[in-house]
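Asker: So the sequence lines, in the order shown, correspond to chains A and B.
Every letter in the first sequence is one number past the one before it in this note's numbering, and letter 46, counting from 1, is 79.
Every letter in the second sequence is one number past the one before it in this note's numbering, and letter 73, counting from 1, is 74.
Some clues are possibly wrong.
To be verified - Interface residues of chain A toward chain B, partial, derived using beta-carbon atoms under 10 Å:
#1 Leu49
#2 Pro50
#3 Gly51
#4 Gly94
#5 Asp170
#6 Ala173
#7 Pro185
#8 Leu188
#9 Gly189
#10 Met206
#11 Pro207
#12 Ala218
#13 Arg242
Source of the hints: derived by calculation from the structure; they are not laboratory data.
Note that CB positions come from ideal geometry on N, CA and C, so glycine has one too.
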Amino acid sequence: MPVTEADGRFHHIAILPGEVGRYVLLPGDPGRVEKIASRFLEPRFVASHREYVTWTGTLDGVSVSCTSTGIGCPSTAIAVEELVGAGADTFIRVGTSGAMQPDIRTGDVGVITGAIRDEGTSRHYLPIEYPAVADIDVTAALRDGARDAGIPFHLGVAQSKDSFYGQHEPERMPIAAELGRRWDAWMAGGAICSEMEAATLYIVASVLRVRAGGVMLIFQNLDHTPPTEEDLRNGDVERVIDVAIAGLRRLIAADRAAGRPLEPGVPA
Amino acid sequence: MTAAPVESPRPDVEPQHHLALRHGDVGRYVLLPGDPGRCERIASRFDDARMVAKNREYETWTGTLDGAKVSVTSTGIGCPSATIAVEELVKLGADTFIRVGTSGGMQPGMRTGELAIVSAAIRDEGTSRHYLPIEFPAVADLDVVLALREAARRTGALARVGISQSKDSFYAELEPDRMPTAPELHEQWQAYIAGGAISSEMEASAIFIVAAIHRVRAGGLMVCFGSPDMTEEEAEATRADFSLDPLIDTAVEGLRVLIERDAGG
């Protein structure tokens, strides 16, 4: 069980057990939590501490929450550990990413089936040969959600990296050559987008036996040309929120149909 | 993925070096057992099955299923020979692979005879590192996984979806204590179980990685023997349940689901 303070709140995310639903959307940016929660019915602010902001509401009659992870896998692992302690067991990462295939257009979304463990945090959990893979039901629901929302999507693997500037300005890093070779290998393997949290989310979810998936808004910047007006319109983060909410609705419906519990149990 | 039939980019190619197959010998859908001795038995579920080639550990039979051309090719044991099989099959136009085989159950409470639908694999082998850095996940195709799960519902087989360990050494798993690296082997094994891995076999991860490189679809279906909470004697006592029939029934049904969905059904 994760660390709690004297008042019973979890050490980093500052929520009490029971203050979140079993379904939690996970953006990186705390500034996006309220925007996402505005899609819930009766959203209410729960807590804000460090980079972790949490809101809870309902969707189709079921408690759902949104908690920011901050940037990177170290803070993401903490958020997931403490949210599971609070009763959550189904996570959807919602964020932005850079395209890794030339046929992807700005504003398309990526439904993330697995993640490249190009980061340090998940190695504290499982050996590096272990795959960071999304839950099959969450992924299928997100794909259906993208179809429902009518937004072009790509199904595939994301690169989860630790260094934002190592990707965007590799030439100024002392290990530039290696960064370039690895990037080319990820593309050859079919990776669709580059982001910073999915691999650890998936590995921690495997270890804790909870479900996780991810959906990313993709920006096409492989050719380094300035964005067009259409790109700027399509780059609206509302598009990926549309898909995440539609996917979450699909998942809630599937869980309901399968007779799975829709609200968190009382934490031990 | 569209339902368009796949033609070989090189109809004039010589017989493939290891598989001894020619253009037109295989369908786009291929089942991949390890054991060449199992190909005929699996192919007996196809219509009009015939053996099309046999060389080294590679035996191939082709027939039809619901009117679609389907094949079965043995990979031999291990990722080195399995990747050769997939590479040569892709050259001949195959684009959908289901590994079919036997494995050890890795989660407490699993029963001998239970099927593992492999969603991803632990790259505990050397071959796939020649393709992609180790951080890249060996993931099965979502539609193949969903088709196998639907197939298990139809056949009524006990099945679960999860991660498989793909290892290079059979005896290091079976008799770790006699290996010089025993402590490491034990520690890894326990970590994989803690991660939730459900089955231990020897080919899935490299098949998934090679499939990713070629942009083709792959999945896996394993029948499991034993579980970590059974003693060797207890596991042996369940050997009669270690039947290949539900495995083959479900794999063939999985192909039918894919064929139906690819046709727009």
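Asker: Could you run down the list of hints and mark each one as holding or not?
Answerer: For each hint, the structure was consulted:
1. Leu49: Hint on Leu49 of chain A: violated, closest Cβ of chain B at ~28 Å, above 10 Å.
2. Pro50: violated, 24 Å
3. Gly51: Result: violated, 26 Å to nearest chain B Cβ.
4. Gly94: Violated - the Cβ of Gly94 of chain A stays beyond 10 Å from chain B, reaching only about 27 Å at its closest.
5. Asp170: holds, 9 Å
6. Ala173: With Cβ-Cβ at 6 Å, under 10 Å, it holds.
7. Pro185: Given a least distance of 16 Å, the restraint on Pro185 of chain A is violated.
8. Leu188: Holds. Min distance 6 Å.
9. Gly189: holds, 9 Å
10. Met206: Violated. Min distance 17 Å.
11. Pro207: Violated, because the Cβ-Cβ distance from Pro207 of chain A to chain B comes to roughly 19 Å (cut-off 10 Å).
12. Ala218: holds, 6 Å
13. Arg242: Interface hint status for Arg242 of chain A: holds (6 Å vs cutoff 10 Å).
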